[in-house]
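J.: Residue-level listing of the chains:
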Amino acid sequence: MKLVSHSAEETKRLGAALAACLQPGDVVVLNGDLGAGKTQFVQGVAEALGVTGEVTSPTFNILLTYDCASGVLNHFDLYRLESAEDLDDIGYWEVLEGGGVSFIEWGDKFPSEMPDDYLEVAITSGTDGVRSIKAQPHSTRAQELCACWGQVAEERA
Amino acid sequence: MMQYVLAFDTANEVISIALGVLHAETRTVELVAHRQVAAHRASNTQLLPNIDELLTEQEISRDQIACVACGRGPGSFTGVRICMATAKGVASALEVPLVGVSTLDALAWELQAAGVRGRVLVVADAMRKEVYPQVYNITEAAIGRSSADMVVAASTFEGAQEGGYALVAGDALAKYADLFVALGPLAPEGQWRVQGPGLLAVLQDAWQAGDCDPFDAQRHNPALLLPVYTRLSDAEEHEREKLADAAPRDLRTGVGGNEAISYRPLAAVDVDQVAALETTCMGTDAWNAAQFADELPRKDRTWWAAHDKHGALVAYAGGQVLDGQLQIFKVACAPEARRAGIARELVTRLAEDARNLGAAEITLEVRAANEGAQAFYEALGLDSIGQRPGYYSDGEDATIMQGPLPAATADVAGMEIITTNERPAEASATYGKPLILAIETSCDETAAALIDGTGAILSDAIASQIDFHARFGGVVPEIASRKHIEAICGVTQVCLEQASASNEGGGETSQDEMPQSEMRQPLRYRDLDAIACTYAPGLVGALVVGVAFAKGAAWGANIPYIQVNHLEGHLYANKLATPDIQPPMVVSLVSGGHTMLVHVRDWGVYEILGSTIDDAVGEAFDKVAKALGLGYPGGPIISRYAAQGNPHAIDFPRAMLHSHDFRFSLSGLKTAVVTYIAQQQEAGHELNIPDIAASFQAAVIDVQVAKAKTALEETGAKEFCLGGGVAANPALRAAYETLCAEMNVRLTLPPLSACTDNASMIALVALDRFAQHKFAPLSADAFAHSNLEESY
Ligand SMILES: Nc1ncnc2c1ncn2[C@@H]1O[C@H](COP(=O)(O)OP(=O)(O)OP(=O)(O)O)[C@@H](O)[C@H]1O
Ligand SMILES: [Mg+2]
Chain A
1 MKLVSHSAEE TKRLGAALAA CLQPGDVVVL NGDLGAGKTQ FVQGVAEALG VTGEVTSPTF
61 NILLTYDCAS GVLNHFDLYR LESAEDLDDI GYWEVLEGGG VSFIEWGDKF PSEMPDDYLE
121 VAITSGTDGV RSIKAQPHST RAQELCACWG QVAEERA
Chain B
1001 MMQYVLAFDT ANEVISIALG VLHAETRTVE LVAHRQVAAH RASNTQLLPN IDELLTEQEI
1061 SRDQIACVAC GRGPGSFTGV RICMATAKGV ASALEVPLVG VSTLDALAWE LQAAGVRGRV
1121 LVVADAMRKE VYPQVYNITE AAIGRSSADM VVAASTFEGA QEGGYALVAG DALAKYADLF
1181 VALGPLAPEG QWRVQGPGLL AVLQDAWQAG DCDPFDAQRH NPALLLPVYT RLSDAEEHER
1241 EKLADAAPRD LRTGVGGNEA ISYRPLAAVD VDQVAALETT CMGTDAWNAA QFADELPRKD
1301 RTWWAAHDKH GALVAYAGGQ VLDGQLQIFK VACAPEARRA GIARELVTRL AEDARNLGAA
1361 EITLEVRAAN EGAQAFYEAL GLDSIGQRPG YYSDGEDATI MQGPLPAATA DVAGMEIITT
1421 NERPAEASAT YGKPLILAIE TSCDETAAAL IDGTGAILSD AIASQIDFHA RFGGVVPEIA
1481 SRKHIEAICG VTQVCLEQAS ASNEGGGETS QDEMPQSEMR QPLRYRDLDA IACTYAPGLV
1541 GALVVGVAFA KGAAWGANIP YIQVNHLEGH LYANKLATPD IQPPMVVSLV SGGHTMLVHV
1601 RDWGVYEILG STIDDAVGEA FDKVAKALGL GYPGGPIISR YAAQGNPHAI DFPRAMLHSH
1661 DFRFSLSGLK TAVVTYIAQQ QEAGHELNIP DIAASFQAAV IDVQVAKAKT ALEETGAKEF
1721 CLGGGVAANP ALRAAYETLC AEMNVRLTLP PLSACTDNAS MIALVALDRF AQHKFAPLSA
1781 DAFAHSNLEE SY
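Protein chains in written order, with this note's numbering: chain A, 1 to 157; chain B, 1001 to 1792.
Hints listed in this document are in silico derivations from the structure and should not be mistaken for laboratory results. Warning: the hint list may mix true and false statements.
Said to hold, decoys possible - Distance condition first, Cα-Cα at most 27 Å in a straight line; then the derived DSS-like pairs of lysine-lysine:
1. B:K1626 with A:K109
2. B:K1626 with B:K1309
3. B:K1709 with B:K1774
4. A:K109 with A:K2
5. A:K109 with B:K1129
6. B:K1330 with B:K1299
7. B:K1129 with B:K1299
8. A:K134 with B:K1774
9. B:K1774 with B:K1433
Stated by the list, open to error - Computed Cβ-Cβ distance ranges for the label pairs, DEER-style:
10. B:E1789 with A:S70: 20 to 30 Å
11. A:S70 with B:D1216: 50 to 60 Å
12. A:S132 with B:D1580: 57 to 67 Å
13. A:K109 with B:F1215: 43 to 53 Å
14. B:P1185 with A:G71: 16 to 26 Å
15. A:G71 with B:A1174: 40 to 50 Å
16. A:S132 with B:A1166: 51 to 61 Å
17. B:V1135 with A:V72: 34 to 44 Å
18. B:F1215 with A:D33: 52 to 62 Å
19. A:K134 with B:D1580: 53 to 63 Å
Ideal Cβ placement from N, Cα and C applies to all residues, glycine included.
Could you put together the complete structure from these sequences and hints?
T.: So, in structure tokens, the structure goes:
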């Protein structure tokens, strides 16, 4: 599935649309260059999930966790990690399998460390704030999630 | 007096605790009491309260504990880490041995006690659809473990082994029972996780076999125990194979930069150079290239090489880990590179690998006539223990040397410990109470500091991990909660030793406070009045190591535990530079993880005026440096280039400059710089790095300074302070100097060492909290977020 965003606000709205479809255990992997808008996207998700307080870049902390109405939102950023063994150090698998919804920035650094079922969202920067957003489901739950997202995004457009 | 062992394990979602009596004559461990409680990822909050309750219930006091045993896993990484950090704290404070036991073996012994016999399969959940399988052959006398711990895919496991087991047990059955049902009868749920008594059975078995001695504190130094790194060693292995057949990466990129010598695991491309140097150094006993090539892929080997700045190999060393010993095969250094500490560096790296592979000792042969080499090894703590007559091909005897792996204190798992004693000259020279040890593990560094009642920092130690990061070619630092586990005992130990040493030299210590004779003894946990630790905000997996260790040590020493907010530490750090600093003051905190303006109304009363809504300033520096192809960390590199560039060359956005509040936004600036770089490159222009760096830096500083100015105007504060790693930026410091001079405000720029994360600042906060009796319970935890405005 392909979407286009023309501004940071629109990217957040697309995140909010995806939020409407999320279920506990869902994993969304966000790929894209520095400044593509991965964190902006998660800010949109978090706001829609009712997270109060600022959702900031998790680059330094690697993992920031927020409580929200539907449970827990885990926001990973693998940017600073060098090797897969670091993932064990941060309790990566325990968190992913812990029942919350998880977003992973820079997941493509460790392709072999992705869970079995996840939705991959790739953001590519164009000129003047245009971003093309490509969603690629991996496995069945992600397909459902992706279909739902497309529908909600269209309804709200 | 009866001597007890306290054993516990939290590897598998439950907390199991056992207490036993140690009978030295028969080498038996007699069970006294045990309990198992559900942990549900909360073992850090439940473990110590349960231990405390169990001891109270049994009317056993702490000083009757002669040994601590803890489960090393395999199991949940967080669970094992909490168990081990707590155990290290307890054992260090009690000054008793810490023995590690296999969680799987403990379960097998419990099955044995329940009457299970025959071939038994134990499978523990390793997450991500993997399991830790272990086959036992359980008899009247033994559990008969069959192999080393490993991790395998749960689904492929079924076919990988033949069935017919007498029983299948372990917590993997909770998720994958259907995969194992064909292999044999499944144990009832009560037998999936360790209850407690099995931990003592493992200990007794090892004791009787001579593999451990619960009374030998030297052999079971708490610093040496590490978790079972099943999956991690796979990762390292993978890395090693990659290094062995690919051209070596430039490990120096971005790490330190201009060091002349670089160290990296020996790679296949190196073997010809190694063989050539070998001929020069080893004469008739030289190995050939094929022999070296054969060594590299072996799992139990560790080989390291040193290269000069032209990439030429100047030294190498290697050995094998066998039966808990590192046997060094070779240490060789080109004649022109000798006496530069290279051999020592290489041995340190071998030792670190060996520690990861479970070794505690080092052994090697050296030519009997080579006194220089023998002196070198003696300096590393090795002794000659005998001779091997005619060992070398020319008939010369070998001297066998042996000793502990190079001490964990001088060298914490291969990391350099940087210690400083900054006792301000004007501080009272007394060694007053309370004495508080403070620990900080909030992200990348393990640090500890000791403070006394006068506010003097007696010692401050940081295990600098930069060196470690260089190992696998890290351009960015690894996240190091694993390193925290390896470093925490060494760092705290160095801190205690350093404090007593610094007092020894003084001579001006007050006699009433503590007699001179007593001062010369190394400080011990029992001399302390409290132990403090950063509990938030930060990476929980890292924080939890410090918190569990600090609580364990506080419990062991029977003194209070104090929790400290990391950000409050940064505020207090200003006291290090300006002892008479007084609120109200405005503090700007700018680091890799934080960007905020805080109004300190009073110590303990804070108002966050505003903070970043997206990236932190330090993060923006790092990412811009990365986009420019410069190394890590970005702060110093950018500021170096910026000094030569034109800050007006490119008009980057000043986000939120006119937002009329104190919030910051850096992601737009980051994206603007990245976009600018891409456009320039597309147009085929060469990048003017100094101009880009200077213009970027100017955009950051303009906003920082403008908001600080407004904050000073609005609050009327006459003190302004800067904290966090970015506070080291010279241009930023200069801009604040100008601002504060104009506004007639006193500026405090903490010493650079106090700007970055350190434990001294945590100690300063802890001292105030001690006076206010703000102690935290044994159930206290670590948190990723915390609100500085709320008192805690
Ligand atoms: N259409 C758009 N969608 C998202 N962000 C946009 C868009 N147009 C401009 N922007 C800007 O791009 C920046 C994206 O930054 P953000 O930190 O979200 O990127 P990121 O992908 O998370 O980067 P990083 O790799 O550093 O984590 C923001 O400053 C945002 O305002
Ligand atoms: Mg981001």
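J.: Take the hints in turn and mark each one as holding or not.
T.: Here is how each hint holds up against the structure:
no.	hint	result
1	B:K1626 with A:K109	15 Å, holds
2	B:K1626 with B:K1309	23 Å, holds
3	B:K1709 with B:K1774	35 Å, violated
4	A:K109 with A:K2	22 Å, holds
5	A:K109 with B:K1129	21 Å, holds
6	B:K1330 with B:K1299	17 Å, holds
7	B:K1129 with B:K1299	25 Å, holds
8	A:K134 with B:K1774	52 Å, violated
9	B:K1774 with B:K1433	17 Å, holds
10	B:E1789 with A:S70: 20 to 30 Å	27 Å, holds
11	A:S70 with B:D1216: 50 to 60 Å	53 Å, holds
12	A:S132 with B:D1580: 57 to 67 Å	58 Å, holds
13	A:K109 with B:F1215: 43 to 53 Å	48 Å, holds
14	B:P1185 with A:G71: 16 to 26 Å	37 Å, violated
15	A:G71 with B:A1174: 40 to 50 Å	21 Å, violated
16	A:S132 with B:A1166: 51 to 61 Å	59 Å, holds
17	B:V1135 with A:V72: 34 to 44 Å	38 Å, holds
18	B:F1215 with A:D33: 52 to 62 Å	59 Å, holds
19	A:K134 with B:D1580: 53 to 63 Å	59 Å, holds
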